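Q: What follows is each chain in one-letter form.
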Amino acid sequence: MIRCQVNGEERELDVEAEMPLLWALRDVLGLTGTKYGCGQALCGACTVHVNGEPVRSCVTPVRRVAGASITTIEGLHDHPLQKAWCDLSVPQCGFCQAGQIMTAAALLAQNPKPSDADIDHSLAGNLCRCGTYTRIRDAVKRAAGE
Amino acid sequence: MLISRRKFVGGLALSFVAGRAFATEPAGASPARAKTSDENLKEQTAGLQPNVFVHVASDGKVTLVCARSEMGQGVRSTIPALLADELGADPKRIVIEQAVGDKKFGDQNTDGSSSIRNAFDDLRRAAATARVMLVTAAAQRFHVPAGKLQARDHAVWNGAKSIPFGDLADAAGKLPVPKPETVQFRPRSEMKHVFRPLPLVDGPDIVTGKAKYGADVRIDGMLIAVIARPPVVGGKVAKLDDRAALKIAGVRKVVRMPEPTAPYKFQPWGGVAVLADNTWAAMRGREALKIEWDHGANASYDSDQYAQALSKAVHAPGKPARNVGDVETALGSAARTVEAEYHVPHLAHVPMEPPAAIADYRDGACEVWAATQNPQDARKEAATILGIDESKVTSHVTLLGGAFGRKSKADFVAEAAFLSKQAGAPVRVQFTREDDLHHDYYNTVNTQLLTAGLDANNKVVAWRQRTAFPPIGTTFSTEVKGPGAPDLQQGVTDLPLAIPNVRAETCDAAAHVRIGWLRSVYNIFHAFSAGSFMDELAHARKLDPRENLLELFGPPRIVSLQELGVDKLRNYSATLEKHPIDTARIRGVIERVTKMANWSERKGRALGLAAHRSFLTYTAVVASVTKNAAGKIAVDEVWLAADAGTVVNVERAVSQMEGAVIFGMSHAFYGGATMKGGVTEQSNFNDYRLIRIGDAPKKIHVELIASEGPPGGIGEPGVPPVAPAIANAIFALTGQRIRTLPLVKAGVV
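So the sequence lines, in the order shown, correspond to chains P and W.
Using the numbering used here, the first residue of the first sequence is number 1, and each one after it goes up by one.
Using the numbering used here, the first residue of the second sequence is number 147, and each one after it goes up by one.
It cannot be assumed that every hint is accurate.
As the list claims (entries may be wrong) - To spell it out: a stretch of chain W is covered by chain P in this simulated footprint if at least three of its residues, at any positions, have a beta carbon under 8 Å from a beta carbon of chain P; those stretches are:
1) 226-240
2) 357-367
3) 540-551
4) 615-626
5) 824-837
What the hints assert, rightly or not - For lysine to any residue, the following SDA-like pairs were computed, each having C-alpha atoms within a straight-line distance of at most 20 Å:
6) W:Lys356 to P:Met1
7) W:Lys778 to P:Ala124
8) P:Lys141 to W:Gly840
9) P:Lys141 to P:Ser115
Hints listed in this document are in silico derivations from the structure and should not be mistaken for laboratory results.
Quick caveat: nothing in here was measured; it's all calculated off a predicted structure.
Built from N, CA and C at the ideal position, the CB exists for glycine as well.
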């Protein structure tokens, strides 16, 4: 039994300790906003925050989040990034965007005025097959107030 | 979203979105034992429903149906907006309903960049019909002729007086539906929102994690299936030991999949399914299976050797597909000839969302939820494999996490339906990324030989194009041995050339994998070769590539079949009357994009230019390349001009073109599926690489040439000119001509 906080609520996960957090979130807790894209930490679609840090949940076994505070896209409320994403119509299919936003949110929490290079570096692990990269950059900058 | 026997209440409007137009039922949302949209609508109120697309309720709620699949191209933001504008509805009082798969909605196959271009008039007519009936009902109430009234802002107006749509709905619903030919469209000047940028209706749900894709639908008692499919197409299970798999915690069942027979079409691939309580257990269960495969005949497929065979084939005469004048004589007497061979490998779709479908079979009926581009086909395939009538299958469409053509193939839906029946429970079939790469319907592999003759005056007098590829038809028939006329109408027989002697030939090629269609399909390699070869000719002739391109496409004119040298042209299922090959338009996009890129002042920059017509739309691209600190090629800026006739949603058209640039860059730089022993060598994003944010140009500039002509395609036409523009730019920078994709093979990226 793994106990942790998810989006501010205490949760108990009665699952195998090696189950990746991604599947505990999706299949057990029903939080389907976090996506499966590769299972190998290559695409970033599964990004969540664990104690404020961006983490690829597809390769993070639940035993590693025992006692931790987890935030998923569902737990991000009225974030400037979400507004900027809508203002600039960033998404196309939208599947990668929760992961993009979670990674960018962690960046801005740490670096409120990121440079272009900072943005590209931070989001290098988040793939977008629809090709919304140029708008993602603009939206991050807008959310950062630039 | 957990679907149980309680009625599902969809999540609606959110607080902060600027310019949000519609409230939406989340795509794919429905209660268990879902009603058809007919029944849903009738339940609300009698109201007005003249056709399957529009319902006006007596409380004023207007329900508009989107019968095409949303995969990022914006149909859900565009189709309802078009209906609403034609009707005169207030966007804030609209509900969008995602249609199930049903023939009554017409063609729902969201493929071929056709959602607007094929249905533009029909959609307008559907909404206009409702408008006319509301106006007629209002005319009766006002006791004035209908011609004096106006429908706008969710009401019918008689001067300053108005009657809301809701108040007219029941009376209008009792009127006879007017004949289609009597219904007039609203003048474009009265369309308030369309033909401009439109709001992204699913944006708020996407950025908050509420948007539902194929794998997000949850049903009480659902099992997850992960399938060990034969590594080689046509392979079979020779031996199975599932004892270890069945011991994995959470694994419930192991099921043998039916073995397909050629031609493979959309049949499940075969193999062994592991069904479990959760996705991870199913994946672990599959890993624990011990299977010996009988790989079958396609195990001989080696894509490197195959490429060599294609090369050999194009160096011999092929079957004629296009002929003007006498190319052989003209080449024989030419002062100079230029010849080049091009190769593009198989491409994989790799949508961010791997294929997923849910089926719930019980009591002789089946409900399906799938990220499908073609819900009618999904319905048909589920019905076929279950041995039940289509009327017993309800095919819901979720949002699609990308598709690019992969999800118009219903194999994964058929798998889910089959397993649900076997398991006696709802089943989600989940493809892993490895499954997606190994079991794709790849865009086909292609080699071409282009040969041109120049006369003593430096004019191009002959053009011969030989193309070899196993076509899509091989997936549907064992009789197909090579490309046919319909296959050539993507960049070969429809290519306008102001050259007196033109010939195109095809060479047969056998298929060893399932061949499918991928965003712009054969245009990808036909534009790569023609676009690169035109540039090679420019340099051979010592001409500016822009001037050379304009000269080779020729003066502004409507190009006849006779000039093309063919008997007929499929023309993307449109008539040549409505959508002719108009060189004024290809010249227009070339002139526009080179102006955007400041082409004539390009000294000091390495620019490459290419232009193409596909899906009835004309696009031209200029790419600028530089060398980065590591000495590798980077694309720092791209310009794209598109002439797509009437554009209903300017914002989504621009975003599709931006995305097409990145999509085209991916296969130019890295993409390519290769096979050894019949098995695809790539497994995940480490070896099937895609463009990442750091590779993306600093700026992508898109301009649409506005017009009121009939709409052309939007989703695909941006792709074909991208790879040749980049290859041409690389030549401008380094003098190296790269004719084989991906560029990474040449070590330049």
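Q: Is lysine 778 of chain W within 20 Å of alanine 124 of chain P, Cα to Cα?
A: Cα-Cα ~18 Å, so holds.
Q: Please verify whether lysine 141 of chain P and serine 115 of chain P have alpha carbons no more than 20 Å apart.
A: Within the cut-off at roughly 8 Å; holds.
Q: Decide if the proposed pair is consistent with the structure: lysine 141 of chain P and glycine 840 of chain W, CA atoms, cutoff 20 Å inclusive.
A: Roughly 16 Å separates the two Cα atoms, so the pair holds.
Q: Do three or more residues from the region 824-837 of chain W put their C-beta atoms closer than 8 Å to C-beta atoms of chain P?
A: As far as the region 824-837 of chain W goes, the hint holds, because 5 residues have Cβ atoms under 8 Å from chain P.
Q: Are at least 3 residues of the region 540-551 of chain W within less than 8 Å of chain P when you compare beta carbons?
A: holds (count 6)
Q: In terms of beta carbon proximity below 8 Å, does the region 615-626 of chain W have 3 or more residues touching chain P?
A: violated (count 0)
Q: Do three or more residues from the region 226-240 of chain W put their C-beta atoms closer than 8 Å to C-beta atoms of chain P?
A: Check failed, 0 qualifying residues.
Q: Next pair to validate is lysine 356 of chain W with methionine 1 of chain P; report whether the Cα-Cα distance is within 20 Å.
A: 28 Å, violated
Q: Taking 8 Å as the C-beta cutoff, is the stated coverage of the region 357-367 of chain W by chain P satisfied by three or more residues?
A: As far as the region 357-367 of chain W goes, the hint holds, because 6 residues have Cβ atoms under 8 Å from chain P.
In summary, the numbered hints that this structure violates are 1, 4, 6.
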